[in-house]
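Heads up: the protein sequence lines correspond to chains A and B, in order. Mapping the first sequence onto my numbering, position 26 (from 1) lands on 26, and the numbers just tick up by one. Mapping the second sequence onto my numbering, position 12 (from 1) lands on 12, and the numbers just tick up by one.
Incorrect hints may have been included.
Claimed, not checked - Anything over 10 Å on all C-beta distances counts as not near chain A; from chain B, calculated:
(1) Q41
(2) I54
(3) E56
(4) S66
(5) T76
(6) E85
(7) M89
(8) A93
(9) G109
Said to hold, decoys possible - Here are the simulated lysine-lysine pairs, DSBU-like style, with alpha carbons at most 35 Å apart:
(10) K83(B) / K42(B)
(11) K83(B) / K56(A)
(12) K69(A) / K57(B)
(13) K56(A) / K26(A)
Just so you know, the hints here were simulated from the structure itself, not pulled from any lab data. Beta carbons are placed, not taken as given, at the ideal position from N, Cα and C, and that holds for glycine.
Chain by chain, the residues:
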Amino acid sequence: SQQGEEDPQALSIQEGENATMNCSYKTSINNLQWYRQNSGRGLVHLILIRSNEREKHSGRLRVTLDTSKKSSSLLITASRAADTASYFCATGVGLSGGYNKLIFGAGTRLAVHP
Amino acid sequence: EPEVTQTPSHQVTQMGQEVILRCVPISNHLYFYWYRQILGQKVEFLVSFYNNEISEKSEIFDDQFSVERPDGSNFTLKIRSTKLEDSAMYFCASPRDNRPNYGYTFGSGTRLTVV
Numbered sequence: 001s002q003q004g005e006e007d008p009q010a011l012s013i014q015e016g017e018n019a020t021m022n023c024s025y026k027t028s029i030n031n032l033q034w035y036r037q038n039s040g041r042g043l044v045h046l047i048l049i050r051s052n053e054r055e056k057h058s059g060r061l062r063v064t065l066d067t068s069k070k071s072s073s074l075l076i077t078a079s080r081a082a083d084t085a086s087y088f089c090a091t092g093v094g095l096s097g098g099y100n101k102l103i104f105g106a107g108t109r110l111a112v113h114p
Numbered sequence: 001e002p003e004v005t006q007t008p009s010h011q012v013t014q015m016g017q018e019v020i021l022r023c024v025p026i027s028n029h030l031y032f033y034w035y036r037q038i039l040g041q042k043v044e045f046l047v048s049f050y051n052n053e054i055s056e057k058s059e060i061f062d063d064q065f066s067v068e069r070p071d072g073s074n075f076t077l078k079i080r081s082t083k084l085e086d087s088a089m090y091f092c093a094s095p096r097d098n099r100p101n102y103g104y105t106f107g108s109g110t111r112l113t114v115v
């Protein structure tokens, strides 16, 4: 498999439920980022977690990182219909002090039903 | 939050023609990136640009591709002789807040359709 593989590929839940998406990667990373993409639109940065961090919160988002297992998870709590989108993890790799190219996963398509 | 602007939003071109995609990154950034996303597939790194030079390019970024900064602020991605398989969304990106480890701001993309 390739760097940054998410699972599940698709997730369908009801409003108010929590959504958990997982991401695995293979190589050493400087950071791991999560992006959201509405259909046919651009990528929106959600949250970044550095390789020396284990957990990070931002509003209804919670990200964990386990570098020993080379995996991360994104939890969206109390989901809303407006959270319907594709979610991608992306690993920042490279040498240049944080300005890294991103290696994206295939994404999880989240559908939140009212 | 500062924006990254891409034009055009949609470009249709005939196979073999040259296309130029444009991007206005967040100002005063030295780093700049182009990515592409074939429909239904993952986003792929194409090229990074640092201080007016290409710093890294992927295997996808072959001799048909070039990137320039024609006027000191705008960036262009040129595909010299388009192929059907070049049909994709093309995104440019700048580091957020001009600081490392803060993620990236992506433009809304150009959808390129080669017919």
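Hint check:
1. Q41: 7 Å, violated
2. I54: About 12 Å separates I54(B) from the closest Cβ of chain A, which puts it past 10 Å; holds.
3. E56: E56(B) not clear of chain A: closest Cβ-Cβ about 6 Å, inside 10 Å.
4. S66: About 18 Å separates S66(B) from the closest Cβ of chain A, which puts it past 10 Å; holds.
5. T76: Non-interface label stands for T76(B): nearest chain A Cβ at 18 Å, farther than 10 Å.
6. E85: For E85(B), whose nearest Cβ neighbour in chain A is about 19 Å away, the distance exceeds 10 Å, so it holds.
7. M89: 8 Å, violated
8. A93: 8 Å, violated
9. G109: 5 Å, violated
10. K83(B) / K42(B): Holds, at about 19 Å.
11. K83(B) / K56(A): Violated: K83(B) and K56(A) sit about 43 Å apart, past 35 Å.
12. K69(A) / K57(B): 29 Å, holds
13. K56(A) / K26(A): Answer holds: K56(A) to K26(A) is near 21 Å, not above 35 Å.
Comparing the model with each earlier hint shows violations of hints 1, 3, 7, 8, 9, 11; every other hint is respected.
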